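K.L.:
Sequence:
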Amino acid sequence: MTLNIATWNINSVRLRADLVCKLLKNEDIDLLCLQECKSPVEKFPLDVFSKIGFSHLVACGQKGYNGVAIVSKFPLLEKCAIDFAGLGHARHIAAQLENGITIHNFYVPAGGDEPDRQKNEKFDQKLNYLTEMRDYFNANEPKKSILVGDLNIAPRPEDVWDHKKMAKIVSHTEVEIDHLDAVLRAGNWVDVTRKDIPQQKLYSWWSYRAKDWSSSDRGRRLDHIWASADIALNIGSSRILREVRGWDRPSDHVPVLATIDL
DNA sequence: ATGGTAGGTCTCCTA
Numbered sequence: 001m002t003l004n005i006a007t008w009n010i011n012s013v014r015l016r017a018d019l020v021c022k023l024l025k026n027e028d029i030d031l032l033c034l035q036e037c038k039s040p041v042e043k044f045p046l047d048v049f050s051k052i053g054f055s056h057l058v059a060c061g062q063k064g065y066n067g068v069a070i071v072s073k074f075p076l077l078e079k080c081a082i083d084f085a086g087l088g089h090a091r092h093i094a095a096q097l098e099n100g101i102t103i104h105n106f107y108v109p110a111g112g113d114e115p116d117r118q119k120n121e122k123f124d125q126k127l128n129y130l131t132e133m134r135d136y137f138n139a140n141e142p143k144k145s146i147l148v149g150d151l152n153i154a155p156r157p158e159d160v161w162d163h164k165k166m167a168k169i170v171s172h173t174e175v176e177i178d179h180l181d182a183v184l185r186a187g188n189w190v191d192v193t194r195k196d197i198p199q200q201k202l203y204s205w206w207s208y209r210a211k212d213w214s215s216s217d218r219g220r221r222l223d224h225i226w227a228s229a230d231i232a233l234n235i236g237s238s239r240i241l242r243e244v245r246g247w248d249r250p251s252d253h254v255p256v257l258a259t260i261d262l
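Under our numbering, the first residue of the first sequence carries the number 1, and numbering increases by one thereafter.
Derived by calculation from the structure, the hints in this document are not laboratory data.
If you're wondering where the values come from, they're calculated on a predicted model, not measured in any experiment.
Be careful, since some hints might not be right.
To be verified - Below are the EDC-like pairs computed for lysine to aspartate or glutamate, each with C-alpha atoms no more than 20 Å apart in a straight line:
#, residue 1, residue 2
1, Lys195, Asp217
2, Lys51, Glu27
3, Lys144, Asp191
4, Lys201, Asp230
5, Lys38, Asp252
6, Lys79, Glu27
7, Lys43, Asp18
8, Lys144, Glu78
9, Lys63, Glu42
10, Lys73, Asp30
With the hints as extra help, turn the sequences into a complete structure.
P.N.:
Right, here's the structure in full:
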């Protein structure tokens, strides 16, 4: 069977429930991971998604900030929702499908503007969050697992519009890239998007503040799909839906897609 | 060097 998965930082799922439906109708998606839902679970608009065949939900929510969810055509068993770094934020949820595939959905802290742990508590929290992710996957070796989400780091030179200009900008600093790489190595994860599309510039986020996001094209690849090594060869057909950034009242992130053949 | 936009708990916090 083939399973089509997607991840999207939606920046308010209640405001953009119609855009989620548009995506799910346009694309052949079976399972969608959302971040920045900005909604308590009891106010999550599941009824809207159920009407188009997505009746299964696991979610970790909070009022106004953060929030992660997985909506699916197929039944989901909630595995865990871990409060990495003890922030009390809704930034992780994991679920298992009936075929045994586990999906981890993450919203890693953005980290503020100043890339200095001493001066900026948010940056310290971001690095701590990544360290605890590393420790978790060292202790719990991922098998038949997918890790997706807004990891808020663009690790490669080709993941940002200008590698040199971004070197001291939070999301592309060396210390963040090292911490993210430690998570990848701890779980023996494969970066699926870059396995499929290794060379070209690739972005999943463009700031709202740009006058013309498309012509200036100052993007970053913050949203990722990883696979555990045992199933990485079964996963491919990666796409990033740039055109979604041009939809009416868009999120600042666009969906990242991949296909699993089992 | 600065400021630019967007969402929600909305005159302030987060991204």
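K.L.:
For every hint, state whether the structure bears it out.
P.N.:
Tested hints:
no.	hint	verdict
1	Lys195 / Asp217	violated (23 Å)
2	Lys51 / Glu27	holds (16 Å)
3	Lys144 / Asp191	holds (15 Å)
4	Lys201 / Asp230	violated (28 Å)
5	Lys38 / Asp252	holds (14 Å)
6	Lys79 / Glu27	violated (27 Å)
7	Lys43 / Asp18	holds (15 Å)
8	Lys144 / Glu78	holds (16 Å)
9	Lys63 / Glu42	holds (10 Å)
10	Lys73 / Asp30	holds (5 Å)
The structure is inconsistent with the numbered hints 1, 4, 6, although it conforms to all the rest.
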